[in-house]
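2 protein chains.
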Amino acid sequence: MATEQDFAAMRLLVDLLADKWTLPILGALCENGGRQRFNALKRGIAGISQKSLASCLKRLEFNGLIERIVATKGQLSVEYRVTAIGHSLELPINALILWSNQNIDVIMAAREASRSATLT
Amino acid sequence: MATEQDFAAMRLLVDLLADKWTLPILGALCENGGRQRFNALKRGIAGISQKSLASCLKRLEFNGLIERIVATKGQLSVEYRVTAIGHSLELPINALILWSNQNIDVIMAAREASRSATLT
DNA sequence: CCGTATCCGTTGGGATACTG
DNA sequence: CAGTATCCCAACGGATACGG
Chain A
231 MATEQDFAAM
241 RLLVDLLADK
251 WTLPILGALC
261 ENGGRQRFNA
271 LKRGIAGISQ
281 KSLASCLKRL
291 EFNGLIERIV
301 ATKGQLSVEY
311 RVTAIGHSLE
321 LPINALILWS
331 NQNIDVIMAA
341 REASRSATLT
Chain B
231 MATEQDFAAM
241 RLLVDLLADK
251 WTLPILGALC
261 ENGGRQRFNA
271 LKRGIAGISQ
281 KSLASCLKRL
291 EFNGLIERIV
301 ATKGQLSVEY
311 RVTAIGHSLE
321 LPINALILWS
331 NQNIDVIMAA
341 REASRSATLT
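Protein chains in written order, with the working numbering: chain A, 231 to 350; chain B, 231 to 350.
Treat the hints with caution; some may be incorrect.
Each pair may be met inside one copy or between any two copies, as identical chains are not told apart.
Said to hold, decoys possible - Below are the EDC-like pairs computed for lysine to aspartate or glutamate, each with C-alpha atoms no more than 20 Å apart in a straight line:
#1 Lys303 to Glu261
#2 Lys303 to Glu342
#3 Lys250 to Asp236
#4 Lys272 to Glu291
#5 Lys281 to Glu297
#6 Lys288 to Glu309
#7 Lys281 to Asp335
#8 Lys288 to Glu342
#9 Lys250 to Glu234
#10 Lys303 to Asp335
#11 Lys272 to Asp249
#12 Lys272 to Glu234
#13 Lys272 to Glu309
These are calculated hints, taken from the structure and not from any lab test.
Generate the whole structure from the sequences, applying the supplied hints.
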């Protein structure tokens, strides 16, 4: 049964993760051992725009889930790293992704069923 | 490391859950053993509008996570129930909510730190 | 390379009023 | 009770161009 606290927790989760790109970004960031540069990240995430990536990274940094490290040696380069607390999210998120992988067929079937039901 | 499949899974998760009200609705539905009527649901979720609730419930039903049972005996009454596949989401979601409860203070502190950093 | 600035169509979602 | 319809504004997010 959900408590008041749980609702606050849900609101926080929505703030942190519930948009189009946060999950893919976090996923792409973890691919390379938790660190990646801006354009590498952009190339790794099909279809994302610079704008969305930048704003999303800002929010993640603002919430302390990732950190931004600037290396001014010669060429400008910026690396984004998943923080400790960011890493602690991997486990529960991976559980969700596993669930999604296991149930994607059922969901798609349910959608088809809904669609054909409305056609009758 | 994230596979192509995982990105598809993430997209599905975003489709299913990544909006303002889905998590609270699912939470409220589970409060009463997985079944609840429309207005009871509305009263249980602080701040939600009829419109948002209705559209969200439609999408959840479309994806097979809940079902809509109409009882036309006398007074019109509609009950929404979490399906089996919907229930299978409880475990991974609760893990996330637990994470959120455990880390909400750290997140808030990180936000404060970011804010004071920009003021300097 | 790493962004920010601007423009702009699309969507989200609250308020309110109305229907079966 | 359980929604649908309408209005309306703010936010999202893609495309493009520009700057450090």
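Verification of the hints:
1. Lys303 to Glu261: For Lys303 and Glu261, the Cα distance exceeds 20 Å both inside one copy (25 Å) and across copies (55 Å).
2. Lys303 to Glu342: For Lys303 and Glu342, the Cα distance exceeds 20 Å both inside one copy (55 Å) and across copies (30 Å).
3. Lys250 to Asp236: between (23 Å within a copy, 15 Å between copies)
4. Lys272 to Glu291: Within one copy, since 17 Å is at most 20 Å while 34 Å is not.
5. Lys281 to Glu297: within (18 Å within a copy, 38 Å between copies)
6. Lys288 to Glu309: The answer is within: 13 Å in one copy meets 20 Å, while 42 Å across copies does not.
7. Lys281 to Asp335: Classified as neither: same-chain Cα gap 33 Å, cross-chain 29 Å, threshold 20 Å.
8. Lys288 to Glu342: The answer is between: 14 Å across copies meets 20 Å, while 38 Å in one copy does not.
9. Lys250 to Glu234: between (27 Å within a copy, 17 Å between copies)
10. Lys303 to Asp335: Intra 49 Å, inter 36 Å, cutoff 20 Å: neither.
11. Lys272 to Asp249: within (17 Å within a copy, 23 Å between copies)
12. Lys272 to Glu234: between (38 Å within a copy, 16 Å between copies)
13. Lys272 to Glu309: within (12 Å within a copy, 45 Å between copies)
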